[in-house]
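Numbering (this note's numbering), first residue to last: 9 to 235.
In case anyone wonders, no lab produced these hints; they're calculated from the structure.
Please read all numbers here as calculations on a predicted model, not as lab measurements.
Each hint should be verified, as a subset may be incorrect.
Straight-line distance between alpha carbons at most 25 Å, and here's what the computed DSS-like set of lysine-lysine pairs gives [stated by the list, open to error]: (1) LYS10 / LYS166; (2) LYS117 / LYS96; (3) LYS48 / LYS231; (4) LYS96 / LYS116; (5) LYS96 / LYS231; (6) LYS201 / LYS188; (7) LYS231 / LYS174; (8) LYS96 / LYS174; (9) LYS48 / LYS69; (10) LYS96 / LYS10; (11) LYS137 / LYS48.
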Amino acid sequence: MKPIIFCDFDGTITETDNIVSLMTQFVPEESEKIAKAMMKQTISFKDGVSAMFELLSTEQKDTVIQYLLDTAIIREGFGDFVRFAREKHIPFYIVSGGVDFFIEPLLKKYGPFSGIYCNSADFSDQQIKLVFPNSCDEECEKFETQGCGCCKPSVMRKVAQSDHFKIVIGDSLSDFEAAKQADLVLARDYLIKRCEDLHIPYKHFETFYDCLDAVKELIKVEKAISK
């Protein structure tokens, strides 16, 4: 068994969802309508997030970035969890439906990571436009519409090998398809509800010390079995 970690960013590494925080601060009424449609799944995650960011002017770039740097809170224990994974040579991938312009500066002091898969922002026009470099592969049920944006299951299939023990850490609807591929799911918030609805085993976490304990226990059990 070779553990490999796939970790969400918004609402998982950070205590709150940065996209929600951003939209609530700058365009609350317009973005709320889009958010409700996304939760009802009447529009895709990709289309919804694109529409939200197009509400923002590129002239707001510096203000938006500074707002997130000032308000985003990294979940307790994340630094220790990353260090443990590095010491144990466990590949650690960030896979997020968030955007590079705020993910990368917020994670800078904790890296390097094995990889960061997320969406990108284009500031070349009047409104912020999102670019989606991590599209659905042919095995994704949304392949025809490319509706995932950053397709987490596709990233997992691309990166993980057959002998990897896949650990997925997340909190929301966008993590659910990835959770269905995982060998161990560490979940909180809405992801717990989805896992329970479809009887997918999971372990609850509130801080990354909970995640650390779960991975240590996994390694301990594996060592005991291999003796």
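Right, here's what the structure says about each hint:
1. LYS10 / LYS166: OK: LYS10 and LYS166 at ~16 Å, within 25 Å.
2. LYS117 / LYS96: 19 Å, holds
3. LYS48 / LYS231: 44 Å, violated
4. LYS96 / LYS116: Roughly 21 Å separates the two Cα atoms, so the pair holds.
5. LYS96 / LYS231: 13 Å, holds
6. LYS201 / LYS188: 14 Å, holds
7. LYS231 / LYS174: 17 Å, holds
8. LYS96 / LYS174: The hint holds at about 15 Å.
9. LYS48 / LYS69: Outside the cut-off at roughly 30 Å; violated.
10. LYS96 / LYS10: At roughly 10 Å apart (the allowed maximum being 25 Å), LYS10 and LYS96 satisfy the hint.
11. LYS137 / LYS48: Within the cut-off at roughly 23 Å; holds.
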